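Sequences are here, hints too, so could you generate the full structure?
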Amino acid sequence: MSTIGSRALGWSAAVGLALTAWMALVASPADVLQGDAVRLMYVHVPTAWLAMYLSFGVTTLASVLYLWKRTRRQFWDLVAGSSAEIGVVFIGLTLITGSIWGRPTWGVWWTWDARLTSTAVLFVLYLGYLAIRRVPAEPHVRARRSAIVALAAFVDVPIVHMAVDWWRTLHQEASVLDQRRLGDPQITGVMLFTLLLAVLAFTLLYFWLLVHRYRLARVEEEAEAARLEQALAERRAEGADTAPAAGGAAPEPDVEMTTS
Amino acid sequence: MTHATYVYSGYAIAIAVLALYAFWVVSRSRRAHRQVRSGSRRSP
Numbered sequence: 001m002s003t004i005g006s007r008a009l010g011w012s013a014a015v016g017l018a019l020t021a022w023m024a025l026v027a028s029p030a031d032v033l034q035g036d037a038v039r040l041m042y043v044h045v046p047t048a049w050l051a052m053y054l055s056f057g058v059t060t061l062a063s064v065l066y067l068w069k070r071t072r073r074q075f076w077d078l079v080a081g082s083s084a085e086i087g088v089v090f091i092g093l094t095l096i097t098g099s100i101w102g103r104p105t106w107g108v109w110w111t112w113d114a115r116l117t118s119t120a121v122l123f124v125l126y127l128g129y130l131a132i133r134r135v136p137a138e139p140h141v142r143a144r145r146s147a148i149v150a151l152a153a154f155v156d157v158p159i160v161h162m163a164v165d166w167w168r169t170l171h172q173e174a175s176v177l178d179q180r181r182l183g184d185p186q187i188t189g190v191m192l193f194t195l196l197l198a199v200l201a202f203t204l205l206y207f208w209l210l211v212h213r214y215r216l217a218r219v220e221e222e223a224e225a226a227r228l229e230q231a232l233a234e235r236r237a238e239g240a241d242t243a244p245a246a247g248g249a250a251p252e253p254d255v256e257m258t259t260s
Numbered sequence: 261m262t263h264a265t266y267v268y269s270g271y272a273i274a275i276a277v278l279a280l281y282a283f284w285v286v287s288r289s290r291r292a293h294r295q296v297r298s299g300s301r302r303s304p
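Line by line, the protein sequences give chains D and F.
Counted the way our numbering counts, the first sequence spans residues 1 to 260.
Counted the way our numbering counts, the second sequence spans residues 261 to 304.
Careful, some of the hints might be misleading.
Taking CB as the label site, the calculated pair distances span [said to hold, decoys possible]:
#, chain 1, residue 1, chain 2, residue 2, range
1, D, Glu229, F, Tyr268, 44 to 54 Å
2, F, Arg290, D, Val32, 43 to 53 Å
3, F, Arg294, D, Trp11, 16 to 26 Å
4, D, Phe193, F, Ile275, 17 to 27 Å
5, D, Ala27, F, Ala272, 18 to 28 Å
6, D, Ala27, F, Arg294, 39 to 49 Å
7, F, Ile273, D, Trp68, 21 to 31 Å
8, F, Ser298, D, Ala233, 48 to 58 Å
9, D, Gly107, F, Ile275, 50 to 60 Å
10, F, Tyr268, D, Val135, 38 to 48 Å
11, D, Ala233, F, Phe283, 17 to 27 Å
12, F, Arg288, D, Leu170, 36 to 46 Å
13, D, Gly107, F, Trp284, 29 to 39 Å
14, D, Trp167, F, Arg294, 50 to 60 Å
Simulated from the structure, these hints should not be mistaken for laboratory data.
On a predicted model such as this, the values are computed, not experimentally measured, just so you know.
C-beta: ideal position from N, C-alpha, C; glycine also.
Structure follows, in structure tokens:
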């Protein structure tokens with residue numbers, strides 16, 4: 001994406017988020033039962049949806065495309081890693097805003113409820129995925145290993161989604177994405193509009209962050225390859241200097257292939 | 261604490277986290293691009 005395109009995306013996200021904040025904090029009414037605490041939903045719900053369905057969905061899709069030999073390209077590995085990192089930030093915000101909402105609504109900051117616990121597990125799983133991406137290895141080995149871990153981690157996403165149906169939970173059931181009431185959400189009017197606006201604004205933010213995080217990942221890969229090439233050249237030069245003057249073969253440089 | 265305090269705290273944390281992360285990504289991306297460009301100018 002061109003710089004102009006990413007700037008337009010960034011400004012659209014900023015305007016969308018500002019409008020969302022105004023709608024959520026000023027224009028949208030307080031809830032009959034939850035009071036003003038409902039305003040936290042306009043951050044909590046979009047970050048949860050975007051982390052689980054978009055960020056981790058893109059990571060999974062990109063990982064599959066990397067593992068499939070016909071579509072294997074480093075591009076997919078970098079997209080997977082970039083999207084997962086944004087997803088971890090979003091799911092972290094989901095947990096924080098959910099905890100802040102839970103204190104005035106439930107009376108506790110945290111409870112070992114099925115939805116909360118499975119979401120916390122999801123957060124830890126993708127933190128582990130990001131940690132595995134940092135383990136030094138040759139790029140294709142690291143990419144394959146990370147892709148397999150990404151597929152394993154995504155198993156928790158449907159568990160998080162279905163947790164409120166499979167177990168008796170303190171967390172409320174789905175208000176918008178309830179399969180039994182599709183097209184008939186439990187919130188309406190200004191509140192529904194604000195929620196959908198927030199989802200749109202956070203989606204724009206996600207794509208803007210993805211563009212920049214992917215660019216960063218690509219440049220880091222190029223810089224790492226250049227450093228490795230330079231290290232190899234230096235070791236080869238050292239080997240040539242220390243080689244016997246006549247007849248003897250220079251020893252192979254013992255360079256460890258590492259990437260960060 | 262009132263509900264409004266929880267709400268404003270939540271929004272303040274969300275804005276701070278997103279702003280810090282966006283700043284970290286964009287500034288590192290721009291710095292890395294500058295380094296690559298200056299490196300490619302030096303090399304033949």
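A quick look at each hint next to the structure:
1. Checked against the hint of 44 to 54 Å, the C-beta distance between Glu229 of chain D and Tyr268 of chain F comes to roughly 52 Å, which is consistent with it.
2. In this structure, Arg290 of chain F and Val32 of chain D meet the distance hint of 43 to 53 Å, their C-beta atoms being roughly 48 Å apart.
3. Roughly 23 Å separates the CB atoms of Arg294 of chain F and Trp11 of chain D, a value that falls within the hinted 16 to 26 Å.
4. Distance hint check: the CB atoms of Phe193 of chain D and Ile275 of chain F are about 21 Å apart, consistent with the given range 17 to 27 Å.
5. In this structure the hint that Ala27 of chain D and Ala272 of chain F lie 18 to 28 Å apart at CB holds, the actual value being about 20 Å.
6. For the pair Ala27 of chain D and Arg294 of chain F, the beta carbons lie near 42 Å from each other, so the given range of 39 to 49 Å is met.
7. Taking 21 to 31 Å as the suggested C-beta distance range, the pair Ile273 of chain F and Trp68 of chain D does not conform, at roughly 40 Å.
8. Separated by about 20 Å at the C-beta atoms, Ser298 of chain F and Ala233 of chain D break the suggested range of 48 to 58 Å.
9. The beta-carbon spacing between Gly107 of chain D and Ile275 of chain F, approximately 26 Å, falls outside the hinted interval of 50 to 60 Å.
10. The hint said 38 to 48 Å for the Cβ distance between Tyr268 of chain F and Val135 of chain D, and at roughly 40 Å that hint holds.
11. In this structure the supplied range 17 to 27 Å is violated for Ala233 of chain D paired with Phe283 of chain F, their Cβ-Cβ distance being about 36 Å.
12. Judged by the Cβ atoms, the range 36 to 46 Å given for Arg288 of chain F and Leu170 of chain D holds: they are separated by roughly 40 Å.
13. Separation of Gly107 of chain D from Trp284 of chain F is about 35 Å and conforms to the stated range, judged on CB atoms against 29 to 39 Å.
14. For the pair Trp167 of chain D and Arg294 of chain F, the beta carbons lie near 52 Å from each other, so the given range of 50 to 60 Å is met.
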